[in-house]
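Dock chains G and Y against the given chain L, drawing on the hints supplied.
Residue numbers (numbering that gives the first Met the number 0), protein chains in the order written: chain L, 0 to 410; chain G, 0 to 370; chain Y, 0 to 248.
Derived lysine to any residue pairs resembling SDA-like cross-links, with alpha carbons at most 20 Å apart:
no. : chain 1 : residue 1 : chain 2 : residue 2
1   : Y       : K204      : Y       : L238
2   : Y       : K161      : Y       : S144
3   : L       : K24       : L       : D67
4   : Y       : K2        : L       : Q301
5   : Y       : K5        : L       : I218
6   : G       : K89       : Y       : T36
7   : Y       : K2        : L       : D278
8   : Y       : K2        : L       : I218
9   : Y       : K161      : Y       : R141
10  : Y       : K204      : Y       : I237
11  : L       : K200      : L       : I296
12  : Y       : K5        : L       : Y255
13  : Y       : K179      : Y       : P232
14  : L       : K57       : G       : K180
15  : L       : K200      : Y       : K153
16  : L       : K200      : Y       : E148
17  : L       : K322      : Y       : K111
18  : G       : K36       : G       : I13
19  : Y       : K94       : L       : R82
20  : Y       : K5        : L       : D278
Honestly, the hints are just simulated from the structure, not real lab data.
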Amino acid sequence: MKEYSLDISVTPPKEYESYFVPVPKEFLEDAYRSDDFVVFTGPQHGGSGHMRLIIRVKGDFIVEVIPDPGYVHRSMEKLAENRLYIQNIPLFERPSIIDFGNYNLGYVRAIEDALDIEVPERARYLRTILAELGRIGTHLYDAGILAVFLGHTTGFMWPFALREYIVEIFTRITGTRITGSFVVPGGVRRDVDEKTLDMIKRMLNALEFRIKKFERVFIRNPTTIARLKGVGTLTKEEAVDYGVVGPFLRACGVEYDVRVVEPYEAYDEIDWDVVIGEDGDGYTRFLVRVEEVGQSINMIRQLVDNLPEGDVLSDSIISFNRKDIRGSFFEAYADIVLPEGEYTTLTEAARGTLLYSVISDGESTVPYRVRIVTPGWMYLKGFMEACKGHRLADLQAIYGSFGYFPPEADR
Amino acid sequence: MAEASLIFILLERILSIFTDELINIPLINPAVEMLLKIPFLNVIVAFILWKPIFHVLILPGLIGMTLVLLFIIYFERKITARVQWRVGPKEVSRRTGGVIQALADGMRYLFQEVIVHRDANAFYFLQFPLISFLPVLLPLLFIPAGGTYGIRTIYTIPAALALISLIPVFIVAMGWASNSKFAYIGSVREAFMYFAYEIPFLLAVVAMIVLYQTSDPFEIVAKQWIPGAVMNPVAFLVFFITVLIATSRLPFDIPEADQEVAFGPYVEYSGIIFGLVMMLPYEKLYLLSMISVILFFGGWNGPEIAILGDLAPVIYLYIKTIVFMCVVSLARSIYARYRLDQSLRLGWGVVFSMSMIALIISVGWMAWLRL
Amino acid sequence: MVKVVKSPKDGLIRSAAGHLRAITEVAKVVVSPGTITVHYPRERRKYPENFRGMIMFDMDECISCFRCAHICPANAIQMYPDAEGRYFPGIDYAKCIFCHFCVDSCPTAALKQSKIHDVAYRDVDSMNVSPEQMNTIPEIVREDSVTVEYDFEKDIQLVRKKEFENLLVEVEKPERPEFKAVPQYGENCIGCRLCMFSCPVNAIKSKLEETKVILETDYERCTGCGICVRICPTEVLILTPIEREGDHQ
Numbered sequence: 000m001k002e003y004s005l006d007i008s009v010t011p012p013k014e015y016e017s018y019f020v021p022v023p024k025e026f027l028e029d030a031y032r033s034d035d036f037v038v039f040t041g042p043q044h045g046g047s048g049h050m051r052l053i054i055r056v057k058g059d060f061i062v063e064v065i066p067d068p069g070y071v072h073r074s075m076e077k078l079a080e081n082r083l084y085i086q087n088i089p090l091f092e093r094p095s096i097i098d099f100g101n102y103n104l105g106y107v108r109a110i111e112d113a114l115d116i117e118v119p120e121r122a123r124y125l126r127t128i129l130a131e132l133g134r135i136g137t138h139l140y141d142a143g144i145l146a147v148f149l150g151h152t153t154g155f156m157w158p159f160a161l162r163e164y165i166v167e168i169f170t171r172i173t174g175t176r177i178t179g180s181f182v183v184p185g186g187v188r189r190d191v192d193e194k195t196l197d198m199i200k201r202m203l204n205a206l207e208f209r210i211k212k213f214e215r216v217f218i219r220n221p222t223t224i225a226r227l228k229g230v231g232t233l234t235k236e237e238a239v240d241y242g243v244v245g246p247f248l249r250a251c252g253v254e255y256d257v258r259v260v261e262p263y264e265a266y267d268e269i270d271w272d273v274v275i276g277e278d279g280d281g282y283t284r285f286l287v288r289v290e291e292v293g294q295s296i297n298m299i300r301q302l303v304d305n306l307p308e309g310d311v312l313s314d315s316i317i318s319f320n321r322k323d324i325r326g327s328f329f330e331a332y333a334d335i336v337l338p339e340g341e342y343t344t345l346t347e348a349a350r351g352t353l354l355y356s357v358i359s360d361g362e363s364t365v366p367y368r369v370r371i372v373t374p375g376w377m378y379l380k381g382f383m384e385a386c387k388g389h390r391l392a393d394l395q396a397i398y399g400s401f402g403y404f405p406p407e408a409d410r
Numbered sequence: 000m001a002e003a004s005l006i007f008i009l010l011e012r013i014l015s016i017f018t019d020e021l022i023n024i025p026l027i028n029p030a031v032e033m034l035l036k037i038p039f040l041n042v043i044v045a046f047i048l049w050k051p052i053f054h055v056l057i058l059p060g061l062i063g064m065t066l067v068l069l070f071i072i073y074f075e076r077k078i079t080a081r082v083q084w085r086v087g088p089k090e091v092s093r094r095t096g097g098v099i100q101a102l103a104d105g106m107r108y109l110f111q112e113v114i115v116h117r118d119a120n121a122f123y124f125l126q127f128p129l130i131s132f133l134p135v136l137l138p139l140l141f142i143p144a145g146g147t148y149g150i151r152t153i154y155t156i157p158a159a160l161a162l163i164s165l166i167p168v169f170i171v172a173m174g175w176a177s178n179s180k181f182a183y184i185g186s187v188r189e190a191f192m193y194f195a196y197e198i199p200f201l202l203a204v205v206a207m208i209v210l211y212q213t214s215d216p217f218e219i220v221a222k223q224w225i226p227g228a229v230m231n232p233v234a235f236l237v238f239f240i241t242v243l244i245a246t247s248r249l250p251f252d253i254p255e256a257d258q259e260v261a262f263g264p265y266v267e268y269s270g271i272i273f274g275l276v277m278m279l280p281y282e283k284l285y286l287l288s289m290i291s292v293i294l295f296f297g298g299w300n301g302p303e304i305a306i307l308g309d310l311a312p313v314i315y316l317y318i319k320t321i322v323f324m325c326v327v328s329l330a331r332s333i334y335a336r337y338r339l340d341q342s343l344r345l346g347w348g349v350v351f352s353m354s355m356i357a358l359i360i361s362v363g364w365m366a367w368l369r370l
Numbered sequence: 000m001v002k003v004v005k006s007p008k009d010g011l012i013r014s015a016a017g018h019l020r021a022i023t024e025v026a027k028v029v030v031s032p033g034t035i036t037v038h039y040p041r042e043r044r045k046y047p048e049n050f051r052g053m054i055m056f057d058m059d060e061c062i063s064c065f066r067c068a069h070i071c072p073a074n075a076i077q078m079y080p081d082a083e084g085r086y087f088p089g090i091d092y093a094k095c096i097f098c099h100f101c102v103d104s105c106p107t108a109a110l111k112q113s114k115i116h117d118v119a120y121r122d123v124d125s126m127n128v129s130p131e132q133m134n135t136i137p138e139i140v141r142e143d144s145v146t147v148e149y150d151f152e153k154d155i156q157l158v159r160k161k162e163f164e165n166l167l168v169e170v171e172k173p174e175r176p177e178f179k180a181v182p183q184y185g186e187n188c189i190g191c192r193l194c195m196f197s198c199p200v201n202a203i204k205s206k207l208e209e210t211k212v213i214l215e216t217d218y219e220r221c222t223g224c225g226i227c228v229r230i231c232p233t234e235v236l237i238l239t240p241i242e243r244e245g246d247h248q
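Next up, chain L with everything else stripped away, as it sits in the complex (with noise of 0.2 Å):
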């Protein structure tokens, strides 16, 4: 096809200036004199999430596009510095919604490898399950997100019935529906009865039973695969490049998962697969995360069959009544100082590698610094070049293939 061009002057309405766009005003000029079109996206779309895209498309195809994140940024870093080490664990548990399991199993680590403190066996396993089950409930999310992405509205509200499942189980365990801050320094708050671990097992047969159905309705949906295969390729190399991490650098080809290369917690005890894809399409993105849930079910049940009997805390935490923190919590947790030094953590969490980096002072009750490095930040500039060369409709299909979640990327 070919292009001609006018050499006209245009002047971008003024309007641009008071928008606050975060892009240079030649970015503007050159899109208008070029004839592409400018299309602002967010935050009050419906396929944006908390986040602008600014997309600049030549006919319906994306040539570029900015993302201007920071719209749900919380400072969470500055505000750890004003808070004691363990209030912090409510505090870094908000970026992710359902995950909370991996959010603060990072962040308390860097605390125990600080503190020197070795966590009872039967803690160890709890907390894999939590972390297990909150990798579940966020691919349910991210699917049903993805479906809603796709105008799959039964694809939307079905995994989010599912992730009631998961729900249920964490309030049963820690008392409150999504934000347990039940992982703290030497184990968890409390101990599980059995009632709960026999729940837990049929909870997932039944979970297993209505992810067939969401299957054949959503994931082998022709449409669904339609819109998803070879939209939004990046290859291994363009991954590892961009810095792609978790399970969407998985569907890349790269077999690299922080439960396998630097294990924690329960996970070299059990038997598991890491789960790659080929393709590195939103498709196999999908795929990948689907599969991992297969992988999550399978672990969990590993995980309740093997819980061993004892402590749920470290005895160098609380000298009596190691299976219940209550009433002792702050003789526990009020006074830790960490030794000088910086100790840092990774974490696979449900969407990536999770970071936590500690830094003390050696004499404060809070830390000096805390950096914390969310996958969702680590991935939205894979998630931007993905989108180069597609239309304009498969926007919101990467969008969702990624799962980006701006709360944990802004943090």
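Positioned in the frame of chain L, the structure of chains G and Y alone reads:
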């Protein structure tokens, strides 16, 4: 006295025009006869019960359509909720299970401010939603309902389809008048979708017209001793898919994809005007369902009910139309949305070739019947 | 150890089969829906005993130890003095995040969880609840007569029971020994007597012997709140677990 008698004669003359083609319903006949004896009121009663007016205004016309729209929106929400493990609208009038939910939503729209934004072409912006009722109500004049009809010609089906296919023009015009980026993209999509479905759609209808060898619905319905959908299932399938595209239902909800272009051409509308434009695809669905019932499901055929007289076929058509709409509305809970190019490819590829096959089947039937 | 997922191949028959599967599945659900809705104001979801709802407060049990106020991550707890100079916690529900660190910190179970999770306040100011108000249960308009509990067998089951659920939870005292403030390192004492003034129950007495202040704890009165321990600048007082008589078997 001369003037009075003149008016009286005039009224008599008008009344006689109406009473010539009065709808015959034995159930209410005594009441009608009583009312017709009252001067002045008899003209109004006769006017309402005059077949064309009854057809366009009451059933299956304006009032019938409004009831269908209120019901189908409620039904769609309820059936979608049932599929999605939810309950659906319930709290507005709990005793009836929330039947008047759509009416409540309409009331809300009525009291909401209609915002005309600065960049819009205010005149056309407000005008198009209102005059888009023209291509919705005019086809009703042509589509007969057994006992009642508006205009009776042998070109009924082509005329109705020609008027229905004006609706996308109005939608594109609304998008243009909105003068917004998403409305612009949505209008372009609507125009593309129009190209995607129109030809297979017309070919499917032509296939049925070839099968019946007439486009007069009275003859079409009379000839359907087995339903058209059984005689030419391929044509029905093509018609069904193109109805989905034409009324922008999922999986072809492309022009008004709310996650992509935020309701496309309708993005800038608010208040009751938004309510009107959102009705447009449903109204189109109503008309197309009615045509599909006439073409494929034996129209107003059904056992006669003496007490309802002329009304019985109307009610048969009406109920069949509602059932067809209910089936269409189930598609929403099954499918995700196709992309624009995919649905164009589908329209020009699979659906178009299927419509050609339908045409061949029709010609085959015709040849076999002639032999 | 590695599982590779592959996306299905394209094909008209595959695609038609996929359409058919989706349609039949939806048709099946239309016939027998798997609704999991709990009709909330008329039914009440049954929550476990450890549900973290509104926090109830028992003033008689409170030892005014300030632990809840200190541990609160959201700074939602304020200590209000009463006429006798003792302090009791009041929670600002506008700030509370229901982490129940305070409940877990309370050594005497004066603060305890409840299953109340649906309280409406008139304005933000009234969300700041005083200790006296925390004693009383908020007035709840309850329309529910049925409780619903999620249970799982092969599929999820909503167990509906016609019962009026008690939202308050009976909480036992936490299993922990009794602590008392013991003036263990008396030689460090600088005689500031901050411990004496800060004690909410006047359990600490001081004697002047020549130039030295001798501290003495009245163990009958001491509640083991630890305020004196935290306030002492030279760590004279230590919280020590006391084995009660009868604990030995």
